[in-house]
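Those protein sequence lines, which keep their order, are chains A and B. The first sequence begins at 0 in numbering that gives the first Met the number 0 and counts up one residue at a time. The second sequence begins at 0 in numbering that gives the first Met the number 0 and counts up one residue at a time.
Rather than coming from a laboratory, the hints here were simulated on the basis of the structure. It should be emphasised that the depicted structure is a prediction, and the values quoted were computed from it without experimental measurement. Hints should not be assumed to be uniformly reliable.
What follows is a list of derived Cβ distance ranges for each label pair [unchecked claim]:
1. 330(B) with 100(A): 52 to 62 Å
2. 330(B) with 165(A): 54 to 64 Å
3. 267(B) with 233(A): 54 to 64 Å
4. 63(B) with 440(A): 53 to 63 Å
5. 406(A) with 59(B): 56 to 66 Å
6. 409(A) with 291(B): 23 to 33 Å
7. 352(B) with 15(A): 40 to 50 Å
Not everything, but these chain B residues come out facing chain A in the computed CB check (under 8 Å) [as the list claims (entries may be wrong)]:
8. 13
9. 15
10. 69
11. 73
12. 117
13. 121
14. 165
15. 172
16. 210
17. 211
18. 214
19. 368
20. 376
All residues carry an ideal CB built from backbone N, CA and C; glycine is no exception.
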Amino acid sequence: MTAMQSEKLLGKFSFRRGVHPPHRKDLSQSCPVQEIRLRAGQRVVIPMSQHIGAPCQPTVEVKQQVTAGQEVGSCEAFVSAPVHSPVAGTVVEVSPQPAAAGTKVLSAVIEVAEDQTNGRPWKQKKENQDLHAYDSAAIVAAIRRAGLVGQGGAAFPTAVKLMPNEKKPVDTVLINGCECEPYLTSDQRLMIEAAGPMVDGLRLALRASGARRGIIAIEDNKPEAINEVMTAIRDIDELQLAICRTKYPQGGERQLIKAVLDRVVPTGGLPLDVGVVVVNAATASAIYWACVEGRPLTERIVTVTGRGIKQPGNFRLPVGMLLSDLLEVCGGLTADAAKVLLGGPMMGPATGRLDIPILKGTSGITVLSRDEVAREAEKACIRCGRCVDHCPLKLVPTRIAQAVKARSIDIALEYDLLACIECGCCAYVCPSKIPLVQYMKSGKVMAKNLSIK
Amino acid sequence: MPNTASKRYVAPPFRVVPESARRIYRTQLAVLALPAAAGIVFFGYQAAKVILVAVLSAGLMEFLLVKARRRRLAGSLSHSVMMGLLVALMLPADMRGDVVIVAAVSAVLLGKHLFGGLGQSIWHPALVGRLIAQMFYADTLAAARGPLLARDQLVWGNIHQVWQPAKDWLRIDWFQTLSPTGYAGWLLTRPVEALRQMGRQDIIHSSEQMAGYLLDRLPSLGHCLLGAVPGGVGETCSVLLIVIGLYFIYRGYLPWKLPVMFLAGALLGALILPIGAGRLAPDGSTYTFPFLLADSAVLLTYINYHLFGGGLMLGAWVLAGEMSCRPITGQGQIIFGFAAGVLTMVFRLFTSMAIPCYAAILVMNSLTGVLDRLTRPRGPAGRPDRRWEPDR
Numbered sequence: 000m001t002a003m004q005s006e007k008l009l010g011k012f013s014f015r016r017g018v019h020p021p022h023r024k025d026l027s028q029s030c031p032v033q034e035i036r037l038r039a040g041q042r043v044v045i046p047m048s049q050h051i052g053a054p055c056q057p058t059v060e061v062k063q064q065v066t067a068g069q070e071v072g073s074c075e076a077f078v079s080a081p082v083h084s085p086v087a088g089t090v091v092e093v094s095p096q097p098a099a100a101g102t103k104v105l106s107a108v109i110e111v112a113e114d115q116t117n118g119r120p121w122k123q124k125k126e127n128q129d130l131h132a133y134d135s136a137a138i139v140a141a142i143r144r145a146g147l148v149g150q151g152g153a154a155f156p157t158a159v160k161l162m163p164n165e166k167k168p169v170d171t172v173l174i175n176g177c178e179c180e181p182y183l184t185s186d187q188r189l190m191i192e193a194a195g196p197m198v199d200g201l202r203l204a205l206r207a208s209g210a211r212r213g214i215i216a217i218e219d220n221k222p223e224a225i226n227e228v229m230t231a232i233r234d235i236d237e238l239q240l241a242i243c244r245t246k247y248p249q250g251g252e253r254q255l256i257k258a259v260l261d262r263v264v265p266t267g268g269l270p271l272d273v274g275v276v277v278v279n280a281a282t283a284s285a286i287y288w289a290c291v292e293g294r295p296l297t298e299r300i301v302t303v304t305g306r307g308i309k310q311p312g313n314f315r316l317p318v319g320m321l322l323s324d325l326l327e328v329c330g331g332l333t334a335d336a337a338k339v340l341l342g343g344p345m346m347g348p349a350t351g352r353l354d355i356p357i358l359k360g361t362s363g364i365t366v367l368s369r370d371e372v373a374r375e376a377e378k379a380c381i382r383c384g385r386c387v388d389h390c391p392l393k394l395v396p397t398r399i400a401q402a403v404k405a406r407s408i409d410i411a412l413e414y415d416l417l418a419c420i421e422c423g424c425c426a427y428v429c430p431s432k433i434p435l436v437q438y439m440k441s442g443k444v445m446a447k448n449l450s451i452k
Numbered sequence: 000m001p002n003t004a005s006k007r008y009v010a011p012p013f014r015v016v017p018e019s020a021r022r023i024y025r026t027q028l029a030v031l032a033l034p035a036a037a038g039i040v041f042f043g044y045q046a047a048k049v050i051l052v053a054v055l056s057a058g059l060m061e062f063l064l065v066k067a068r069r070r071r072l073a074g075s076l077s078h079s080v081m082m083g084l085l086v087a088l089m090l091p092a093d094m095r096g097d098v099v100i101v102a103a104v105s106a107v108l109l110g111k112h113l114f115g116g117l118g119q120s121i122w123h124p125a126l127v128g129r130l131i132a133q134m135f136y137a138d139t140l141a142a143a144r145g146p147l148l149a150r151d152q153l154v155w156g157n158i159h160q161v162w163q164p165a166k167d168w169l170r171i172d173w174f175q176t177l178s179p180t181g182y183a184g185w186l187l188t189r190p191v192e193a194l195r196q197m198g199r200q201d202i203i204h205s206s207e208q209m210a211g212y213l214l215d216r217l218p219s220l221g222h223c224l225l226g227a228v229p230g231g232v233g234e235t236c237s238v239l240l241i242v243i244g245l246y247f248i249y250r251g252y253l254p255w256k257l258p259v260m261f262l263a264g265a266l267l268g269a270l271i272l273p274i275g276a277g278r279l280a281p282d283g284s285t286y287t288f289p290f291l292l293a294d295s296a297v298l299l300t301y302i303n304y305h306l307f308g309g310g311l312m313l314g315a316w317v318l319a320g321e322m323s324c325r326p327i328t329g330q331g332q333i334i335f336g337f338a339a340g341v342l343t344m345v346f347r348l349f350t351s352m353a354i355p356c357y358a359a360i361l362v363m364n365s366l367t368g369v370l371d372r373l374t375r376p377r378g379p380a381g382r383p384d385r386r387w388e389p390d391r
């Protein structure tokens, strides 16, 4: 790749520290995306809060008929995103429903009225579209109406990110196609099969935010995706392709910005503070369809993978589909399945129940077999310093963890607890198997409670 | 929140990483068998006895303490055994058994478990043991001379039967000379002690004078590198110590900054610290700065003797890298290593303490907490990136 470096192709970018977990993407990276259609009688659960920010209020009532794409919850708050029904059917319940992490979230439960027909096309962009016809306000409004959120996992409302800001001008929009999390391949498949809409989504994002330069960042373990995207952006002046080294967490916003643009996002700040907007590859594609067709975010690509699932693959499915239904489509769990993770093995929390819905931000389901999960007790820290050597933010995780254990939040804050992005590199390399990330998370909650008081 | 060690907490990241504290210490222990073996070769079976006594008493102490504290920690036994082994490596092979036992037991009891056990010690446990032995057996351990087996008496020679020359110093070419009849070897001046005496007894003011001194009283550098000089059981074989240090770096057990900065500090110290300033009644003409010597070859030889002639290699490549006692940040390790190197030279040249290098490491161990705090990574918090300007 280095031989063909040019104005269009930048490379190879990396950041300091980080880890190299086995990526195991071969389980699902060659499986083309299958579309899942729901049958009559199946249910979908649409939680009112699938994003960071204020939760929505239901706009439908029990027994109400809804059409596919109809809004079922909305919110006036600035940082929020409405939710839509992916199917035509009847609302059977508006009540708290189980969600990930053992909580219950107010949700609309919709029963599918009749078997879904083939979905709308999503791979080819429409002919004769003039993107110049859209101005910034129109794009942002369309994105907001469609309820777009970051589909990489954090689920931050996209409209808020792209809204032009007088004080903080944006000069670059980055598309995050790194997918550094092991096992997951949904963005990779999207880039291979539907690079066109994604690229035009990036151009729309550029128009919306007023940025001049669009960069698509892909890790070098996805050569096929790199080729497809390269073909798609060949004739577009303002777009570039950045190749990043395969390393975790390359797809973390801060690491990506540091690697590609060499800018440092301040702690507690947003990429906006350094003039950058980072958009996930799947979100870029959704931006295109939201602007061109007004299509709400009711479908997304999810990778179901891991040794514990019988038929791994990539699926385009209605948001709100139940996890149990999805696992059934994949042939169910194998006998030695041990953990079902919402996401990849580095950051994805394990879920104890399968009757929870797939959300807008769920990019994958990883089912680990017993031998892939280390079950070891926490031991004493021997101060080997491996966590320090691998922390992409140059923190001292073990010191922060000790402070959190002792409930000395001021010391933890002094050691920059809040800068932690919870990527899990420290716990990944810890020889004493200390759950450092969990201490970080607890510490952040404690710090929050402290500041409220 | 997981607070008890017994709780099996399963949370992301989900991984199977083979590394564990036990594996780290077992590997280190296994690798440290190499300098121990070299010690047995050069100092005979008596060295094996010292090693065995130290390892057994350290292991037994650990066993008893684990029973008494009712607290088992994976890797703690390997670590204690390693501490025992390190204590033995620092002691001369003709040491009496009680000295070895006191050193090894106090290493585990006072150096390690008094502070809370594995990973909690402030000072390197083995060095604590060595220091305590030094305090109790100062006469035995302060000798400037040490025994060395002859080339034809390796392994099976008795280190207690060595020929004592009448004069203060004797220069033996170990590679060429066979053992004196009826003896297994000689009692020789340790290279670093000879260097220290140079400043105390003679006034050095020219390269020729120093070259003469070095040629007369010190074994050639080849001896120091190979280990055929008197000293601690595992201190002398510099080549092997460098090799195992590099292996530790390769395995990620030792940050390269530590030994590199240690050696850099020692080198700088040897270069600029005056020879002879520690003498009584200084009248200005008694000391010489090494870097002012006209002949750079002599200067280099002098520095090399300082680096390879004593416990510095063991200190820099093995002892300074003890995980619980070294700074955890990179910057801290740089300061730690450099300061320990310079302090070693200061202690060697200006004090008469018997364990200058180990004392320097102990001093720096005390500062580890301070260094960690001063050099804690502050991250990008609070200070926005000033380098960045909008492209437009």
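Quick rundown of the hints versus the structure:
Taken as a hint, the range 52 to 62 Å is violated for the pair residue 330(B) and residue 100(A), whose Cβ atoms sit roughly 38 Å apart. Checked against the hint of 54 to 64 Å, the pair residue 330(B) and residue 165(A) fails, with Cβ atoms roughly 40 Å apart. Checked against the hint of 54 to 64 Å, the pair residue 267(B) and residue 233(A) passes, with Cβ atoms roughly 57 Å apart. One distance hint, 53 to 63 Å for the beta-carbon pair residue 63(B) and residue 440(A), is violated here, with the actual separation near 40 Å.
For the pair residue 406(A) and residue 59(B), the supplied restraint of 56 to 66 Å is violated, since their beta-carbon distance comes to about 38 Å. For the pair residue 409(A) and residue 291(B), the beta carbons lie near 52 Å from each other, so the given range of 23 to 33 Å is not met. For the pair residue 352(B) and residue 15(A), the beta carbons lie near 41 Å from each other, so the given range of 40 to 50 Å is met. Against a cut-off of 8 Å between C-beta atoms, the interface hint on residue 13(B) holds, since the closest Cβ of chain A lies about 4 Å away.
Annotation: residue 15(B) was flagged as interfacial toward chain A, and the flag holds, the nearest CB pair being 5 Å apart, inside 8 Å. With its C-beta approaching chain A no nearer than about 15 Å, residue 69(B) sits outside the 8 Å limit, and its interface hint is violated. The criterion of a C-beta within 8 Å of any C-beta in chain A is met by residue 73(B), whose closest approach is roughly 6 Å, and the hint holds. About 6 Å separates the beta-carbon of residue 117(B) from the nearest beta-carbon of chain A, less than 8 Å, and the hint is met.
With its C-beta approaching chain A no nearer than about 11 Å, residue 121(B) sits outside the 8 Å limit, and its interface hint is violated. Of the supplied interface hints, the one on residue 165(B) is violated, with its beta-carbon coming no nearer than about 51 Å to a beta-carbon of chain A, more than 8 Å. With a cut of 8 Å, the hint placing residue 172(B) at the interface with chain A is violated, because the nearest CB-to-CB distance is about 44 Å. Look at residue 210(B): its Cβ only gets to about 44 Å from chain A, farther than 8 Å, so that hint breaks.
At about 47 Å, the closest approach between the beta carbon of residue 211(B) and any beta carbon in chain A exceeds 8 Å, and the interface hint on this residue is violated. Contact between residue 214(B) and chain A, as hinted, is not supported at the beta carbon level, the nearest pair being about 44 Å apart and thus beyond 8 Å. Interface restraint check for residue 368(B): the shortest CB-CB distance to chain A comes to about 10 Å, outside 8 Å, so the restraint is violated. Evaluation of the residue 376(B) hint against chain A yields a held restraint, the C-beta minimum of about 4 Å falling below 8 Å.
Violated hints for the displayed structure, listed by number in ascending order: 1, 2, 4, 5, 6, 10, 13, 14, 15, 16, 17, 18, 19.
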